[in-house]
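Residue numbers (this note's numbering), protein chains in the order written: chain A, 1 to 304; chain B, 1 to 304; chain C, 1 to 244; chain D, 1 to 244.
Keep in mind the hints are simulated off the structure, nothing from the lab.
You may find that some hints are simply not true.
Stretch-level coverage of chain B by chain D, calculated; a stretch enters the list once three of its residues show a Cβ under 8 Å from a Cβ in chain D [stated by the list, open to error]:
no., segment
1, 52 to 64
2, 107 to 121
3, 169 to 183
Derived pair list, reagent style SDA-like, types lysine to any residue, alpha-carbon separation capped at 20 Å [to be verified]:
no., chain 1, residue 1, chain 2, residue 2
4, C, K2, A, G185
5, B, K206, A, G301
6, A, K80, C, A192
7, A, K203, B, K304
8, C, K69, B, R285
9, A, K203, C, S17
10, D, K239, D, T223
11, B, K203, A, E288
We treat Cβ as the ideally placed atom computed from N, Cα and C, and that holds for glycine.
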Amino acid sequence: MVNTKVTLSGITLDNPVIPASGTFGYGYEFAELYDINILGSFSFKGTTKEPRFGNPTPRIAECPNGMINSVGLQNPGVEKVISEELPKLAKCFHKPVIANVSGFSIEEYAYTCALLDKEPQVGILEVNVSCPNVHHGGMSFGTDPAAAAAVTKAVKAVTTKPVYIKLTPNVTDIVSIAKACEEAGADGIALINTMMGMRIDLKTKKPVIANKMGGFSGSAIFPVAVRMVYQVAEAVNIPVIGMGGVSSAEDVIEMMLAGATAVEIGAANLVNPFICKEIIEDLPRVMEKYNIKDLNDIIGGARK
Amino acid sequence: MVNTKVTLSGITLDNPVIPASGTFGYGYEFAELYDINILGSFSFKGTTKEPRFGNPTPRIAECPNGMINSVGLQNPGVEKVISEELPKLAKCFHKPVIANVSGFSIEEYAYTCALLDKEPQVGILEVNVSCPNVHHGGMSFGTDPAAAAAVTKAVKAVTTKPVYIKLTPNVTDIVSIAKACEEAGADGIALINTMMGMRIDLKTKKPVIANKMGGFSGSAIFPVAVRMVYQVAEAVNIPVIGMGGVSSAEDVIEMMLAGATAVEIGAANLVNPFICKEIIEDLPRVMEKYNIKDLNDIIGGARK
Amino acid sequence: MKQSIFTIQSNEKLTESVCKMVLAGDTSAITAAGQFVNIQLKGFFLRRPISVCDYDENTLTILYKVVGKGTEAMSQMKAPHKLDILTGLGNGYDTSVSGGKPLLIGGGVGVPPMYRLAKNLIAEGKHPIVILGFNTKDEIFYAEEFEKLGAEVHIATADGSVGVKGFVTDVVKTIPDYTYFYTCGPEPMLKALSDVTTTSGQLSFEERMGCGFGACMGCSCQTKYGNKRICKDGPVLVKEEIIW
Amino acid sequence: MKQSIFTIQSNEKLTESVCKMVLAGDTSAITAAGQFVNIQLKGFFLRRPISVCDYDENTLTILYKVVGKGTEAMSQMKAPHKLDILTGLGNGYDTSVSGGKPLLIGGGVGVPPMYRLAKNLIAEGKHPIVILGFNTKDEIFYAEEFEKLGAEVHIATADGSVGVKGFVTDVVKTIPDYTYFYTCGPEPMLKALSDVTTTSGQLSFEERMGCGFGACMGCSCQTKYGNKRICKDGPVLVKEEIIW
Ligand SMILES: Cc1cc2nc3c(=O)[nH]c(=O)nc-3n(C[C@H](O)[C@H](O)[C@H](O)COP(=O)(O)OP(=O)(O)OC[C@H]3O[C@@H](n4cnc5c(N)ncnc54)[C@H](O)[C@@H]3O)c2cc1C
Ligand SMILES: Cc1cc2nc3c(=O)[nH]c(=O)nc-3n(C[C@H](O)[C@H](O)[C@H](O)COP(=O)(O)OP(=O)(O)OC[C@H]3O[C@@H](n4cnc5c(N)ncnc54)[C@H](O)[C@@H]3O)c2cc1C
Ligand SMILES: Cc1cc2nc3c(=O)[nH]c(=O)nc-3n(C[C@H](O)[C@H](O)[C@H](O)COP(=O)(O)O)c2cc1C
Ligand SMILES: Cc1cc2nc3c(=O)[nH]c(=O)nc-3n(C[C@H](O)[C@H](O)[C@H](O)COP(=O)(O)O)c2cc1C
Ligand code: FES
Ligand code: FES
Numbered sequence: 001m002v003n004t005k006v007t008l009s010g011i012t013l014d015n016p017v018i019p020a021s022g023t024f025g026y027g028y029e030f031a032e033l034y035d036i037n038i039l040g041s042f043s044f045k046g047t048t049k050e051p052r053f054g055n056p057t058p059r060i061a062e063c064p065n066g067m068i069n070s071v072g073l074q075n076p077g078v079e080k081v082i083s084e085e086l087p088k089l090a091k092c093f094h095k096p097v098i099a100n101v102s103g104f105s106i107e108e109y110a111y112t113c114a115l116l117d118k119e120p121q122v123g124i125l126e127v128n129v130s131c132p133n134v135h136h137g138g139m140s141f142g143t144d145p146a147a148a149a150a151v152t153k154a155v156k157a158v159t160t161k162p163v164y165i166k167l168t169p170n171v172t173d174i175v176s177i178a179k180a181c182e183e184a185g186a187d188g189i190a191l192i193n194t195m196m197g198m199r200i201d202l203k204t205k206k207p208v209i210a211n212k213m214g215g216f217s218g219s220a221i222f223p224v225a226v227r228m229v230y231q232v233a234e235a236v237n238i239p240v241i242g243m244g245g246v247s248s249a250e251d252v253i254e255m256m257l258a259g260a261t262a263v264e265i266g267a268a269n270l271v272n273p274f275i276c277k278e279i280i281e282d283l284p285r286v287m288e289k290y291n292i293k294d295l296n297d298i299i300g301g302a303r304k
Numbered sequence: 001m002v003n004t005k006v007t008l009s010g011i012t013l014d015n016p017v018i019p020a021s022g023t024f025g026y027g028y029e030f031a032e033l034y035d036i037n038i039l040g041s042f043s044f045k046g047t048t049k050e051p052r053f054g055n056p057t058p059r060i061a062e063c064p065n066g067m068i069n070s071v072g073l074q075n076p077g078v079e080k081v082i083s084e085e086l087p088k089l090a091k092c093f094h095k096p097v098i099a100n101v102s103g104f105s106i107e108e109y110a111y112t113c114a115l116l117d118k119e120p121q122v123g124i125l126e127v128n129v130s131c132p133n134v135h136h137g138g139m140s141f142g143t144d145p146a147a148a149a150a151v152t153k154a155v156k157a158v159t160t161k162p163v164y165i166k167l168t169p170n171v172t173d174i175v176s177i178a179k180a181c182e183e184a185g186a187d188g189i190a191l192i193n194t195m196m197g198m199r200i201d202l203k204t205k206k207p208v209i210a211n212k213m214g215g216f217s218g219s220a221i222f223p224v225a226v227r228m229v230y231q232v233a234e235a236v237n238i239p240v241i242g243m244g245g246v247s248s249a250e251d252v253i254e255m256m257l258a259g260a261t262a263v264e265i266g267a268a269n270l271v272n273p274f275i276c277k278e279i280i281e282d283l284p285r286v287m288e289k290y291n292i293k294d295l296n297d298i299i300g301g302a303r304k
Numbered sequence: 001m002k003q004s005i006f007t008i009q010s011n012e013k014l015t016e017s018v019c020k021m022v023l024a025g026d027t028s029a030i031t032a033a034g035q036f037v038n039i040q041l042k043g044f045f046l047r048r049p050i051s052v053c054d055y056d057e058n059t060l061t062i063l064y065k066v067v068g069k070g071t072e073a074m075s076q077m078k079a080p081h082k083l084d085i086l087t088g089l090g091n092g093y094d095t096s097v098s099g100g101k102p103l104l105i106g107g108g109v110g111v112p113p114m115y116r117l118a119k120n121l122i123a124e125g126k127h128p129i130v131i132l133g134f135n136t137k138d139e140i141f142y143a144e145e146f147e148k149l150g151a152e153v154h155i156a157t158a159d160g161s162v163g164v165k166g167f168v169t170d171v172v173k174t175i176p177d178y179t180y181f182y183t184c185g186p187e188p189m190l191k192a193l194s195d196v197t198t199t200s201g202q203l204s205f206e207e208r209m210g211c212g213f214g215a216c217m218g219c220s221c222q223t224k225y226g227n228k229r230i231c232k233d234g235p236v237l238v239k240e241e242i243i244w
Numbered sequence: 001m002k003q004s005i006f007t008i009q010s011n012e013k014l015t016e017s018v019c020k021m022v023l024a025g026d027t028s029a030i031t032a033a034g035q036f037v038n039i040q041l042k043g044f045f046l047r048r049p050i051s052v053c054d055y056d057e058n059t060l061t062i063l064y065k066v067v068g069k070g071t072e073a074m075s076q077m078k079a080p081h082k083l084d085i086l087t088g089l090g091n092g093y094d095t096s097v098s099g100g101k102p103l104l105i106g107g108g109v110g111v112p113p114m115y116r117l118a119k120n121l122i123a124e125g126k127h128p129i130v131i132l133g134f135n136t137k138d139e140i141f142y143a144e145e146f147e148k149l150g151a152e153v154h155i156a157t158a159d160g161s162v163g164v165k166g167f168v169t170d171v172v173k174t175i176p177d178y179t180y181f182y183t184c185g186p187e188p189m190l191k192a193l194s195d196v197t198t199t200s201g202q203l204s205f206e207e208r209m210g211c212g213f214g215a216c217m218g219c220s221c222q223t224k225y226g227n228k229r230i231c232k233d234g235p236v237l238v239k240e241e242i243i244w
C-alpha cells in the first residue's frame, strides 16, 4: 500500500489531486459524473466582490496541446457565491474546499476574503493575483513583488484561514514575487496561472478571441510550469501547489518532484471530465512503478 | 500567381521562410537534402567571440508538442566561423544570410558584430540578447530595456548592416524591451527565443537536462509567440521577424497576420528536415485558399 | 451527460463539403432533439460539438460540414474507427409548446437538428412545415429525408437554383398560419427570423466551446433571463429572452 | 541520410521487454553496421533513435527495448503500419581495421548493431568473437542468431544463470589473442571495456538527441580529437579519442 495523503497548512488531503479554479465550476457538473469526494480538494471558480459577466465571446481558442480562454472571471459575486453556490456545493462535496478570489483593488481582495473567511467549508483561500484577462485587474498585482505583497498582507489581516497566493507565469522573475508573498505572510504559493497567448483565424484574419488575447493553458505549458514550480519551491519555505498542463498521474509526480505538495488540474477537466478520477485511480500504480511508497518522500525530490 | 516576396530592411527575400538559428547549423546538413537556395534566408548557429563547447549533456528533453534544449551556444568562435564555416556555407547558399550573434558583455557583442560586418554574405545581424542557457550571459541583456538598448547601440556603432535584436519571451513586458531597442537604433526585432522550461525524469527523479533548465520551443509555444509578435509589431515601426512553434504554411500566415514580415522556423527542422521546403512549396496553395494574393498585404492584418 | 466510445458504422459525403456519419454506441443520455454531442479527435485538444441529427437506442447520426482541420479529419475516418464522445449535452428543443403547425427552419449546417425535431413533432401528431435554406442547388442535403418523414418541405436558395430564390425569411413570410417556430443556423439568419416571425419560437445558437458541459463559462451569453451558458442552458434559447 | 516511409512487416517480442521489428522500405542510405535510424512516432515530438540490427536492399531490422512511452507505442504497432524514418544516420563501425580476430561486445540493447557488424566481418573472411552481456537468462536475445552466422559466441549474465557469471569484461579477460574490439552498450560497460582491453577499438555511444543528423548540437561530446556530435561524427568513437 502506498500513501497518497499530503498536507497543506494543516489540512490533510487524501491525495494531491485538485481541480483548478475555473475549470470545475462549483463542482455540480462533475458530481453528476462521479463522486467528487474522492478529490483531494477542489478550487472553485474565481470569485470577485461584484458579479461579473466577464469578457465578450468568443472566449475560447484551440492551440496545439492546449487552449486559450478569456472568460474574464465570470461569477455571480461573493455574496451570491456564499448564499447560493456554497450551500449547493456542500451537498456534493464534504471536504474543505479552496476558495479562489480575485479583485481589482486591494480593498476588493480584502472584502471578498473577509466574507469567505466565515464559511466553514472553505479550507484555503487561493488569492489569484494573476488573471491575465481583466484589463485593469489581477495582472498588475501579480507582476510586481510589492503589489503582490500588499495583497497578501491585506488578505492575511482579514482571515485566519491559510492564504495561498496564485501567481502568473507572465513575469521575468517569478522567484522574487513568490518570495515577496512569503515575506508578507502567505501560507503557500499556487502556480502557474495561464500564459498570455493569442490565435488568429486565417479565414476572418482577426484574433479568434473577442478580447484578442487570453490565458493559454493545457499540456503545452507543462514544461514552463515545472520550471517555475522548481524555482519557487527552491526559494520559499512554504508549500507550493503546482499546476499548468497536468494531465496524468505521471505529470502529478513530476510536479511533486519539482517541489509541489499538491497539484491542480485545469484545462484537462474540460476535455476529459473524468481526468481527475482517472489520475487518482492511476496514482498508486504509477507510484509503484517508480518505487514511490509515500508521495511526501518525493516533494522537491528533483532538487536533491 | 501569388507574391511571396517580402523585404527586410532593403533585402528582398523570395519568401518569408527562414530556418532559425541553432536548428540549421551552417546549412550543410540540409544542403545534402535539398537545394537550400529556395529559402528566404537562414540564420546560422549563434556565434560568440570565443569558441564554446556549451553545456554538459544531456542537452535535450522532450515535451508535449515541443522540446527543451540547453545547447548553450556551442560554436567555434567568430574567427573560425568566418575563416572556416562561411566559405563552406558560401558554396551551398548564395543569398544574404542572417548572422546570429551572442555575447557575455557589450564589448563582446560589438567585437563579434564588427568582424561579421565585413562578411559580404551576411545580410542581417541578428543579435540574440535572449539565450536562456548561459548563466551569466544573454538572459540579463534581454530582460532589461536599458541593457537591451545598450547592446543595440554598441552593435549599431560597429556595423552598417541591418541589426535585428532577438528577444526572449521570459519577460513581464516584451513591448518595453522592443521599444527600447527601436529607440536605440535597431533596424528590426526578431522574436521569440525559447521559453525557460524543465522536465524531470521519473526514473532518476532528476531533471532530464544536465543544466536543469533549458529553452523550450516547438509548436507548443506558438500561441505565446503569436501574442508577443502581435504586441511588438503594434508598438514598433520597424520590421518584426516572428518565430516560435511555426511548423506549417498556415502558421507562417498566422505569424504574418500578427505582424511579422518574415518568419523563422526552429525546432520543426529537427524533427522534419524537409519542413522549410514543404512550407515554401505549400505557401502558394494556402495563400490561395485564404484569398491572399500578396503576403505583404497581410502583415499585421489581424490588427486592422 | 455520458462519456462513451462510439464505433463509426458509415461516413459518407452528402455534398461537396457536408458528410453524414452514423455511429453505434450508448445513446441513453440523449433526451431531446436539438441536443448536441462533443467529439474527441486524436491530435486536437478541444472536442468538436456537433448536433444530434437523429438517434435510436444504439445509433447516432450526425451531419457535419468540413470547415477546418477537425472536421477534415472526421471526413477521412472509416468504419469501424472508434470515437470518444460526450452525449446528452444541451437542453434541446421543447416540443410541448409547438402548437399544431410549427415552422422548422434550418440554414446550412443548422439543418441537422431539425430532422429529429420534425420526427418527434410528427410522432406527436403535429404538422411541421420545414424550411431549409442553402446557398445553391449543389449544397442541398437531407431535403428528401424530411419529405420521407411526411413533412411539408420548402427550400430557399440564395441563387434561386432550387425553390424560392432568397433566404428562409422570404419563405417564412409566405406562410400565414404557423403556430410556433424552431430554428438553427447562422446567427444573422436567427436574427432575421426573430424579426420576421409573428409567433414565439426557439432558436439554437453556436459558440466556441471549452468543455461543452457547463464547467468553464467559455460559451456564456447574456439574456433577458440572466447569464446563460450556450452549452448547458442552451444551445436553444427562446425568442423572448434573446438580447440581439 | 534519407527520409522515407517504411511499412512494418513484423513486430514481435524477443523477451519480456525487447522487441524485434522488421520494416520494408528504402534502405539505400544505410552504408555501415553501427549506423542508426530515427523514427517518427505519432504523438511524440522527437524521433526515436534506434540502431540498425540488419538490413538488405529493401528491409530493415531493428531490436528495441520498451523503456518509455515511445518504445511502448512502438511495441503496440502491427503490420502493415507505416513509419516515417530517417535512415543512414551516424558513422558506423569501420571494419577495415579489425584484424583477423576482432572482439564484438554487446551489452543489453547494445547487442543489435553487433549483429550486422558480425555478418560484415564474417563476409570479409574474419573470425569475430562475440560477447553478449545480459542481466539474467530471461533477458537474453539473439544469441542463436549470432551462432547461425558462424561466430564464436560467449555469454555473460550478471546472475550467472547462463554462461559466465559476471560482466562482459570478465569474458574479455579470458580471451588472449584478439586483434581489435567493437562494442555498444551502457556507458559504464564501455568505460570498463576501454580499461580492460589490450587493443584499440571502436565504441558506440548513446546521447539524448534533438535531430539525429548533425543540425542542433544537442548530442555533442568533447574528445581528444575535438568536439564531436554523437549523431553525426559518432555514434562510434575510437578508444584513443575518448575522454572519460
Ligand atoms: C452546439 C453546436 C452544435 C453544432 N452542430 C453542428 C452540426 O450539426 N454540424 C456541423 O457541421 N457543425 C456543427 N457545429 C459547428 C462545429 O462545431 C464546427 O464547425 C467544428 O467544431 C469546426 O471544427 P474544425 O476543427 O473543422 O474547425 P476549426 O476552425 O479548425 O476549429 C477550431 C476550433 O474552433 C471551434 N469552432 C470552429 N467553428 C466553430 C463553430 N461554428 N461553432 C463552434 N465552435 C467552432 C472548434 O470546435 C475548435 O475548437 C456546431 C457547433 C455547436 C456549438
Ligand atoms: C544512436 C542510438 C542508438 C540506439 N539504439 C537502440 C537500439 O538499437 N535499441 C534500443 O532499444 N534502444 C536504442 N537506443 C535507445 C533508444 O533511443 C531509447 O531507448 C528510446 O529513444 C526511448 O524512447 P521512449 O519514448 O521509450 O523513452 P522516454 O524515456 O519516454 O523518451 C523520452 C526522450 O528521451 C530520449 N531517450 C530516452 N532514453 C534514451 C537513450 N537511452 N538514449 C537516447 N535517447 C533516449 C528519447 O529519444 C525521447 O526523446 C539508441 C539510442 C541512440 C542514441
Ligand atoms: C476556462 C478557464 C478558466 C479559468 N478561470 C480561473 C479563475 O477563475 N481563477 C484562477 O485563479 N484561475 C483560473 N484559470 C486558470 C487555471 O486555474 C490554471 O491555473 C491554469 O489553467 C493552468 O492549469 P492547466 O494548464 O491545467 O489549465 C482558468 C483556466 C481556464 C482554462
Ligand atoms: C537546438 C536549438 C538551438 C538553438 N540555438 C540558438 C542560438 O544559437 N541562437 C539563437 O538566437 N536562438 C537559438 N535557438 C532558438 C531558436 O532560434 C528559436 O528562437 C526558438 O527555438 C523558437 O522557435 P521554434 O519554436 O520554431 O523552435 C535554438 C533553438 C533550438 C531548438
Ligand atoms: S463550453 Fe464550458 S461552460 Fe459552455
Ligand atoms: S542530435 Fe542534433 S546534432 Fe546530434
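Here is what the structure says about each hint:
Check result for the segment 52 to 64 of chain B against chain D: holds, 10 residues qualifying (beta carbon to beta carbon below 8 Å, three or more required). Only residues whose C-beta sits within less than 8 Å of a C-beta in chain D count toward coverage, and the segment 107 to 121 of chain B has 0 of them, not enough to reach three; the restraint is violated. For a cut-off of 8 Å, the count of residues in the segment 169 to 183 of chain B with a CB near a CB of chain D stands at 0, and the three-residue condition is violated. Distance check on the hinted pair: K2 (chain C) and G185 (chain A) sit about 44 Å apart at the alpha-carbon level, beyond 20 Å; violated.
Taken as a hint, the K206 (chain B) and G301 (chain A) pair is honoured in the structure, with Cα atoms around 7 Å apart against an allowance of 20 Å. At most 20 Å may separate the alpha-carbon atoms for a hinted pair to count; K80 (chain A) and A192 (chain C) exceed this at roughly 36 Å. Distance restraint check for K203 (chain A) and K304 (chain B): the Cα-Cα separation of roughly 14 Å lies within the 20 Å cut-off, and the hinted pair is therefore satisfied. For the suggested pair K69 (chain C) and R285 (chain B), the alpha carbons sit about 16 Å apart, so the restraint of at most 20 Å is met.
Distance check on the hinted pair: K203 (chain A) and S17 (chain C) sit about 17 Å apart at the alpha-carbon level, within 20 Å; holds. Simply put, K239 (chain D) and T223 (chain D) have alpha-carbon atoms about 10 Å apart, close enough for the 20 Å limit, and the pair holds. Among the hinted pairs, K203 (chain B) with E288 (chain A) is consistent with the structure: their alpha-carbon atoms are about 12 Å apart, no more than 20 Å.
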